[in-house]
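There are 4 protein chains.
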Amino acid sequence: MNVIDLNCDMGESFGAYSIGMDDQVMKYISSANIACGWHAGDPLVMNKTVKLAAENNVGIGAHPGYPDLLGFGRRNMFCTKEEIQQYIIYQVGALAAFCRVHQTKLTHVKPHGALYLEAVENETTARAIAQGIMALDPNLYFVALAGKKGETMRRMGEELGLKVVYEAFPDRAYTPGGTLVSRKQPKAVISDPDEVAQRALDMAKGFVTAVDGSTIKLDVQTLCVHGDTLGAVNLVKTIREVLGANDIKVLPMGEGS
Amino acid sequence: MNVIDLNCDMGESFGAYSIGMDDQVMKYISSANIACGWHAGDPLVMNKTVKLAAENNVGIGAHPGYPDLLGFGRRNMFCTKEEIQQYIIYQVGALAAFCRVHQTKLTHVKPHGALYLEAVENETTARAIAQGIMALDPNLYFVALAGKKGETMRRMGEELGLKVVYEAFPDRAYTPGGTLVSRKQPKAVISDPDEVAQRALDMAKGFVTAVDGSTIKLDVQTLCVHGDTLGAVNLVKTIREVLGANDIKVLPMGEGS
Amino acid sequence: MNVIDLNCDMGESFGAYSIGMDDQVMKYISSANIACGWHAGDPLVMNKTVKLAAENNVGIGAHPGYPDLLGFGRRNMFCTKEEIQQYIIYQVGALAAFCRVHQTKLTHVKPHGALYLEAVENETTARAIAQGIMALDPNLYFVALAGKKGETMRRMGEELGLKVVYEAFPDRAYTPGGTLVSRKQPKAVISDPDEVAQRALDMAKGFVTAVDGSTIKLDVQTLCVHGDTLGAVNLVKTIREVLGANDIKVLPMGEGS
Amino acid sequence: MNVIDLNCDMGESFGAYSIGMDDQVMKYISSANIACGWHAGDPLVMNKTVKLAAENNVGIGAHPGYPDLLGFGRRNMFCTKEEIQQYIIYQVGALAAFCRVHQTKLTHVKPHGALYLEAVENETTARAIAQGIMALDPNLYFVALAGKKGETMRRMGEELGLKVVYEAFPDRAYTPGGTLVSRKQPKAVISDPDEVAQRALDMAKGFVTAVDGSTIKLDVQTLCVHGDTLGAVNLVKTIREVLGANDIKVLPMGEGS
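Quick note, the sequences are listed as chains A, B, C and D, same order. Under my numbering, the first residue of the first sequence is numbered 8, with each subsequent residue one higher. Under my numbering, the first residue of the second sequence is numbered 8, with each subsequent residue one higher. Under my numbering, the first residue of the third sequence is numbered 8, with each subsequent residue one higher. Under my numbering, the first residue of the fourth sequence is numbered 8, with each subsequent residue one higher.
Certain hints may be false.
[Claimed, not checked] Covered stretches of chain D (chain C as the covering partner; in silico rule of three or more C-beta atoms under 8 angstroms from a C-beta of chain C):
#1 104–113
#2 141–154
[Said to hold, decoys possible] Which chain B residues stay away from chain C? Per the calculated CB distances, all over 10 angstroms, these:
#3 N9
#4 E128
#5 N129
#6 K156
#7 T186
#8 T216
#9 S221
#10 V249
#11 K256
#12 G261
#13 E262
[Claimed, not checked] A few chain B residues that face chain A, going by a derived Cβ cut-off under 10 angstroms, partial list only:
#14 C43
#15 G44
#16 L51
#17 M53
#18 N54
#19 R82
#20 E89
#21 Y94
#22 I95
#23 Y97
#24 V99
#25 A101
#26 F105
#27 G139
#28 L143
#29 D144
These are calculated hints, taken from the structure and not from any lab test. Just so it is clear, CB atoms sit at the ideal spot from N, CA and C, and this is done for glycine as well.
Pulled out of the complex, with its shape left as it was, chain A reads as follows:
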């Protein structure tokens, strides 16, 4: 029987500002990537989100980003290797504290936004993130991009001895080469719930249909889903149902093996 993880960014509210439908989406996912107060989130939100995840038996991950609340961590910043490593330790450590408070454990780390994208492109950034995680806790899973494009990021984690979890995006189109179609292209994002759910099922089985109709292999352990709108939440629910109907178990990272 196949197993897959559904991960979603959570805890992105900040002070008086609210983003996301965390209460709703937490019911359908198996892993939550929780913002750590730098690009989003704050201590009250982190506390509440960790608690909510624990109550729903959802695996808890840190979602560290650049120090850029104004840009929601979506803008690349030229940080040194040393800066990135220490920023990771700080943010992951802060989130881990809330896990201790709620007597649950921190399972994984997934870099956020521009930091994730830079880790895909840039070996130095990927290694700095991995080193930060490794220095703090070698048992943490490191979420990295599945497919050809994610090779560098995954290799940086694996060379250091981290357990790397391969992530794919069921709502994104893939090239025959196994990379994501750029968001600048017309059909980069797939919005039909049934189609996305079918792709999630395919990915859980180890393959995906590329834009040219060819079937490509894709080694995937976690699928990234969204929870910022009601439509997004319903999509996650659909994915979950389709996976269940096809005997794919949805479990947090590390619990499927």
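Guided by the hints, dock chains B, C and D onto chain A, whose structure is given.
Relative to the frame of chain A, chains B, C and D by itself:
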């Protein structure tokens, strides 16, 4: 033989901004209160300061403050009990991460600046801080003001079951009632190194001479010293020498008993 | 014929975070208090909101607050007189720049949240705000609380020579003494749209019905309304209609005299 | 008789953190680039620095940077054109407010650190900065890099109709092609005061000696000097004396023509 701890605020630099003579003062103290990035400090500074403390066998404490870098945490902010508790968990957790990275342990928590002063005045604030520490790790020492004025703060910690460490200030004048003379008064701060060192010695022995010449009892386990100027560092050195010459051992919190 | 101003807090979104229904409410108000990037707002939001106000012939005001984005400026901070004065100059100056860019003028300043409340209570704070405004531009209107409770704030502005505009809250209950009923009291906030609109009309005519049924005089030039929910926007619309149906002209500060 | 401007970054202190010897260096320069609170500086520092500059008849400029206090504005951030333009308006507007308060005028704008370097490399960034300045006040001078490398930046300013001031660095080595030798090269920075002063004199006369000994023409109206150490201040003093001894007048931007 008597034992006392010498604690000093450390790691208050931020990005390109430098404050304090940490390298110098670290040789003479036994506990470092390290800023956690909210009122001062940043991940690189935290990492470096934890490492420096560990290398010098100095006990490591978190020094959490209000979210007010612009005011260096010296301005009171009307935060709720819930806010204070979660801010403590976040900041202490972030510092604890750097301790794990350097395979050393976090020993104590001392609130910074206006947060400390508010905890002295306000039972709710003191309890919120203590609850944050307790929720995270009940083995952490909670540094609280010695003397009459510090009763509320100490009680809040002790009622929760925290190990409270009583702190006095050898360079500050005390009233016959055992409280600090307000800084607004002319002779509130003592600057003569020999006098301060003598007072440190007295405090280590359990008493202090008040402004009226009377000798009052003061239950003290840690003395707060400063390291922001060359003069301050020399003063700490003098205190350390005078304590040593009088067979008072200087040890981190918890190592003397 | 009577004239009144309807003012509303605007431009409180920040980066990826959205608050308020500015596009909707801007049609019904005559003055916008625009956040200046410290407790809320950012340069893009300020630019957009100034443009929107100008297009709707709405008077533009700066809405400066404490440096506390995390607390949305709703927590009191113990700032010095000097700090408050310079914070006002900085924030009002930044907003004035966007007015110049859009070839419109800055009309008024209304302190936000905890800074406003502190100005009501504390003469030093009120004077520091007024001095900041005066130093920058003596032609700016200073919005201050109407009624007995607002006397200090208004006097501080008027003593310096500022043009002070008296503000009342149609959705808040008033005591027979002419002060706001505390929000901790059960009927402090009035939610029925017709009742609020009637009170707005009364206020425009110079009086208000207190909680004991007595009618008290209230010297008012501007009414504070809200625009953060659809219900709030509809309430503003109702107020505007009732004022219009009763020959009360709704005009920005200074345009009615 | 020749005229040159000496500009220096000023007002980079923040809260309790102090950087630079502004009081000393202000006596020898003719233009101050004052930080605007984003990468450095705060309202109190801005107020004090504007006052100090005005008292010394030093031309006042805004020195806007990226929203990155932690990185002191020295790290490139991928901002959109719209973001950069509005960030410029915000920061320059805030500084202009302090000029109004001190009844003096804002003369110029010089982007700081990574924003300056990006403007040199990237036409879009350079234009966005120039558009922000233009939208706010077309009379402000725009400081741009002199020499071949600065062509794009200068052209973006000039095409929009801004008055562009060409800036050179007397303590930096130049290639025969008229560009700065990279800091990664061994002799990129010149530290001998007499040599730097001679180069400043040459630049004021319109030329510079390149690393290969050749003399190249360089159209320059302002020279960038530093004031962060006692040595730097003495260097500025030496430059000023050498210029004076050679009948080169040191005047703020725009006052020489």
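*Contradicted hints - numbers only*: When the structure is compared with the hints, only number 19 turns out to be violated.
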